[in-house]
Each structure stands twice: as C-alpha cells, then as structure tokens.
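A.B. asks: Residue-level listing of the chains:
2 protein chains.
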Amino acid sequence: MNVPQSDATTHFDAATAVARTETGDLVAELDGGWNVGPGILNGGYLLAVAARAAAVDSPHPHPVALSASYLRATGPGRVSLAVTRGPSGRTLAHSHVVLSDAGGPTLSVQATTATLGDTPPDYALAPPAIVPPEECLANHADIDLGGNPVPTVGLRDFVETRLDPTTAGWAVGRPSGEPVMRGWVRLTGGRPADPFALALFADVLPPTSWALGLMGWAPTVQLQVLVRALPAPGWCLVEARASEVAGGWLDEDYRIWDSTGRLVAQSRQLARTPR
Amino acid sequence: MNVPQSDATTHFDAATAVARTETGDLVAELDGGWNVGPGILNGGYLLAVAARAAAVDSPHPHPVALSASYLRATGPGRVSLAVTRGPSGRTLAHSHVVLSDAGGPTLSVQATTATLGDTPPDYALAPPAIVPPEECLANHADIDLGGNPVPTVGLRDFVETRLDPTTAGWAVGRPSGEPVMRGWVRLTGGRPADPFALALFADVLPPTSWALGLMGWAPTVQLQVLVRALPAPGWCLVEARASEVAGGWLDEDYRIWDSTGRLVAQSRQLARTPR
Chain Z
875 MNVPQSDATT
885 HFDAATAVAR
895 TETGDLVAEL
905 DGGWNVGPGI
915 LNGGYLLAVA
925 ARAAAVDSPH
935 PHPVALSASY
945 LRATGPGRVS
955 LAVTRGPSGR
965 TLAHSHVVLS
975 DAGGPTLSVQ
985 ATTATLGDTP
995 PDYALAPPAI
1005 VPPEECLANH
1015 ADIDLGGNPV
1025 PTVGLRDFVE
1035 TRLDPTTAGW
1045 AVGRPSGEPV
1055 MRGWVRLTGG
1065 RPADPFALAL
1075 FADVLPPTSW
1085 ALGLMGWAPT
1095 VQLQVLVRAL
1105 PAPGWCLVEA
1115 RASEVAGGWL
1125 DEDYRIWDST
1135 GRLVAQSRQL
1145 ARTPR
Chain B
875 MNVPQSDATT
885 HFDAATAVAR
895 TETGDLVAEL
905 DGGWNVGPGI
915 LNGGYLLAVA
925 ARAAAVDSPH
935 PHPVALSASY
945 LRATGPGRVS
955 LAVTRGPSGR
965 TLAHSHVVLS
975 DAGGPTLSVQ
985 ATTATLGDTP
995 PDYALAPPAI
1005 VPPEECLANH
1015 ADIDLGGNPV
1025 PTVGLRDFVE
1035 TRLDPTTAGW
1045 AVGRPSGEPV
1055 MRGWVRLTGG
1065 RPADPFALAL
1075 FADVLPPTSW
1085 ALGLMGWAPT
1095 VQLQVLVRAL
1105 PAPGWCLVEA
1115 RASEVAGGWL
1125 DEDYRIWDST
1135 GRLVAQSRQL
1145 ARTPR
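Protein sequence lines, in the order shown, are assigned to chains Z and B.
If you count by this note's numbering, then the first sequence holds residues 875 to 1149, one letter each, in order.
If you count by this note's numbering, then the second sequence holds residues 875 to 1149, one letter each, in order.
Keep in mind the hints are simulated off the structure, nothing from the lab.
Here a beta-carbon is modelled for each residue, glycine too, at the ideal position from N, C-alpha and C.
Hints may contain errors.
[Said to hold, decoys possible] Here are some chain Z residues the structure puts well away from chain B; computed CB gaps all over 10 Å:
hint	residue
1	ARG926
2	ALA939
3	GLY960
4	SER982
5	PRO994
6	PRO1066
7	TRP1091
8	GLY1121
9	ASP1125
[To be verified] Coverage of chain Z stretches by chain B, computed from C-beta distances (three or more under 8 Å per stretch; other residues unrestricted):
hint	region
10	889 to 901
11	1130 to 1142
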C-alpha cells in the first residue's frame, strides 16, 4: 500500500481520532493498517489513541507522561475509551484511560497532561552522531534477510523510517550483537510531529533483539513515554537500546530528538523476547 | 533516630506490610519515618507498599513492572489498597492498584507480576566504575552545605547510602553541573534486597537537580520501575541521571546493579524541579 501524499497529511489524525457517542462515551475506530504483523496493532499507535482520550476533557493539551500496560493484543475496529479523571490543576492533570474492545479491556494507561511551552532547556542531552536520512536504509527497500521474506509491517506505510546503517547489520544478515538501533522517522506525507506522534514514535523501531539475531515480534508488556518538549517540524532521530535481555524479558529504552537536536521524548518498555 | 540492628532486619517488611481486614479490604499502616521531609513520604516507599498489594493475590510473587502516578502527597497512617486484577497467566499477571487515604486516591499504580528465576542474562549492561562504599560519603556525616543545615530525611535512617564522591560535589558546596548521581545503598541492618526493596531503591537518591545547584524537593509525577532479576545480598549500586531539565520538569533515570554486578532494576520518573 502506498499512502497518497494528500491523504497522508491527515492520516495519523484520522487513525487516532476519538469521538464522543450520543451516550457520552468515547470511542475510536482502530485502523488495521497500523500493524506490526497480521492483525497485531502497533503498541505506540494504541498509546497515541489513549493519549487523545486523556486530552479530551483535560484542561491541558499535551500528554507528558503515559504508562501503559498491554493486557492483551488489540485488533482493528471499534474500541471504547473509559477515562477516569484524577486531580487536575494549573500545572498538570492526571487521568486513567482503559481501552476496551468487545472482549473487554486490552490497554490500561495512566496519563498526565500538561501545557508544554517553548522555554529553552536548562539541561538537555545532545543527540548521538548519525548520518543524514538519505544515507540510511529505507523502510523495506534496502533490507536483505538472506532470501527470507522481509516481514510486512503496515506501520511502515505510515511512518517513514531510515535506519542508521551502523546499527542495522541485522538488515543485511550481520546482526551487530549490540542491542542498539537508531533511525530517522517522520509521518509519511510530512505531517509534523506533535506529542501524540511522539507516543507513536516511542515504539516505532524494530525490536533491538533483532540486533542480537533474535528475529520475531517482541510483545510489549508495559511502556512508559515521557514527552519533554514540542517537536520542531522535520525528521525525528530515534535511538533504542536494551540494557538487559534475560529469562525471556527485554527492555527497550528510547530517546527521541527533533530536527533541531532537542530531546523531545523518552520511553522505556518491558517486553517479552521473540520465541 | 538510630535504627537498632535487631529491629532493622525486619523494619522494611513491617513498614511495607499489607493486611486484609475482616471485610476483605487490603490496608497498610504507612510509617511516617520513611520521609524525605516533614510529613512527606518517599515515593519509592509508597511504591513498595503498592507492589506488596499487587502480589497478594497474584499467582506470581515478583513485581517486574510498576508504573505509578503520584496524584497528591501521601502522609503517614492508615491507607487502603484497592486492587483490580487484569489478565493473568503462566508467565505474568496484570493488576491496577489504587492507594487511598481518608481524602481519596493518592497513588495509582499499574503492576505486572511474574516469577523471576536464576537464568544468567543473554545480555546485561555492566555497572559503572565506582569506589567501594567505605571510600564514599556517608548519609549525613560527610555532607557540608556551607553552614546551611543538612535536611533531615527520615528515609536515610532505613536505607544506608554511600555517595560516590565524584558525583557528590553538591554535598560539599561544589555542584558538578552534570545531573548524575551514584551511590551504594542497602537496607539498614543488613536485610537483603528483594524486588520490593528495589522498588524503594528506584527513588532513593537525592534529586539529580542538586548536582545543578537546584536544592530542594523534586516531587515525583510518574515513576516506572522495572525489576529485571533477583538481587544478590549486599550493597546495591544505584546510578541516577537526568536527560533533560526544562520548563519546570526533570526526568530521573535509574539503573541498579547488585553486589555481583548484575543489572537488577531500572526506573524512570518525571518530576517537577525544585522551586
């Protein structure tokens, strides 16, 4: 599938939109295209939808802290979003969002919203050195898994990904042995990133376990995303790193910088290692 | 206050115990001693209590992922713990714990429990180099804030802390300017650490903003703790690092290694900067 330029500018907004029904409930129509395999929706996509629900009735527009437990896999189609509001003030507002499909809750999210400004940071970690997007590996085009089929990941139609060749040895049959992955990402069609897109980007790269030669899906158990600043337009630089792979468990630690080199988001997830 | 050796071996267990009332509710008696200032209980202590509640009815004994929203400050005394159980299986179990005092909810925690084993890691980040505990700065004894009173932190009576002198310039009036802090920690009296103690240790050091010269309490907004392995007895090495301080917000990223050098826990929190 190719995403036409004109539609794509609003595709992320449409795919993550929440609406209020006549009975006052919040609902969303999850788009099956945002998958990481047949019928399996991307965890960052689901988190972006939950973040939209948290923002609906908040006095603050920006999700700054999101912690999600992935209770079970979520498929495409209609879901409901039950929001329980917590304390709310001038600086921040808390809420708890439960996303449910016909079978019951699938995602439970603690959300904090706030109003991010344009204050320059007192301290901010600088981005790592990486070659520009045009010297990186494109979505599927440059990947060669030794004759094995490259997995079809619907997400890549909506998020352009350019992988740092120094961390993408696995893509050409030579896993680096270091669970680190870096790449440039942006929404296809050029829609600028915002805090909701950063929630998506916080789970957007392939599992770092691929760099250890452990190919396969690494289902997320719990994911925390912190949004630290409003991103400037353009490519975001994403670095993912595992600190430990043990006993069937894997962590993924993300840092995301915008096109100006400002650290705009961080995330950490606990996942199961591919079987 | 000095904690007598004989009592101290079980003080952590007593201070974090949860009990079931005749009506079936879970309750705890929060110990005002575990504070970071007058009437303000430590966030890691509160998280350890919530983790105990999550484990009570779980088929799995170990909290492996905890995400807590700190809704408002929690004082000492009786609290209730409402546990909503999520999906549960052979590998892990999800639950949601709400800790409430007489005024309503103060802490909302998503918990995942599992059964950690003794499998050697496939990959684990090595600890940083640091001098042994006896060459580090002791709790209050070695700290000199230029004649200003050293804040009374009850927590330090229960958790022995030895600060790496290379990251504790703030303690002798010379903040390093780098928001990094390292130290050795253990429960006073020698009780070995376990996953519940690691939840405590994940918020145990002074705010890294002190290394920037921003002295004062940095209230936690949201804290995620991942427990990766069962710790060996002895001192744990804790490293805290901020990646960004901006607009009144601060993150704290912890890694914790046990006495054998195994990475046993990670945490990240979003906090407000000291005023």
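A.B. asks: Taking the hints in turn, state whether each one holds.
C.D. replies: Against the structure, the hints:
1. Listed as outside the interface, ARG926 (chain Z) is consistent with that label: its C-beta sits roughly 18 Å from the nearest C-beta of chain B, beyond the 10 Å cut-off.
2. At roughly 4 Å from the closest C-beta of chain B, the C-beta of ALA939 (chain Z) falls inside 10 Å, breaking its exclusion from the interface.
3. Under the 10 Å C-beta cut-off, the non-interface status given to GLY960 (chain Z) relative to chain B is violated; the minimum distance is some 5 Å.
4. For SER982 (chain Z), the condition that its CB be more than 10 Å from all CB atoms of chain B is violated, with the nearest at approximately 6 Å.
5. With 10 Å as the threshold on Cβ separation, the claim that PRO994 (chain Z) sits away from chain B is violated: the shortest Cβ distance comes to roughly 7 Å.
6. Against chain B, the non-interface label of PRO1066 (chain Z) holds: every CB pair exceeds 10 Å, the least being about 20 Å.
7. Consistency note on TRP1091 (chain Z): stated as away from chain B, and its beta-carbon is indeed over 10 Å from all of that chain's, at 15 Å minimum.
8. For GLY1121 (chain Z), the requirement that its beta carbon stay farther than 10 Å from each beta carbon of chain B is not met, with the minimum near 4 Å.
9. Its beta-carbon lying about 6 Å from the closest one in chain B, ASP1125 (chain Z) breaks the requirement of being farther than 10 Å from that chain.
10. Remark: the region 889 to 901 of chain Z is not confirmed as covered by chain B, as 0 of its residues place a Cβ nearer than 8 Å to a Cβ of that chain, below the required three.
11. Evaluation of the coverage hint for the region 1130 to 1142 of chain Z: fulfilled, as 3 residues show C-beta separations to chain B shorter than 8 Å, against a requirement of three.
Hint violations for this structure: numbers 2, 3, 4, 5, 8, 9 and 10, all remaining hints satisfied.
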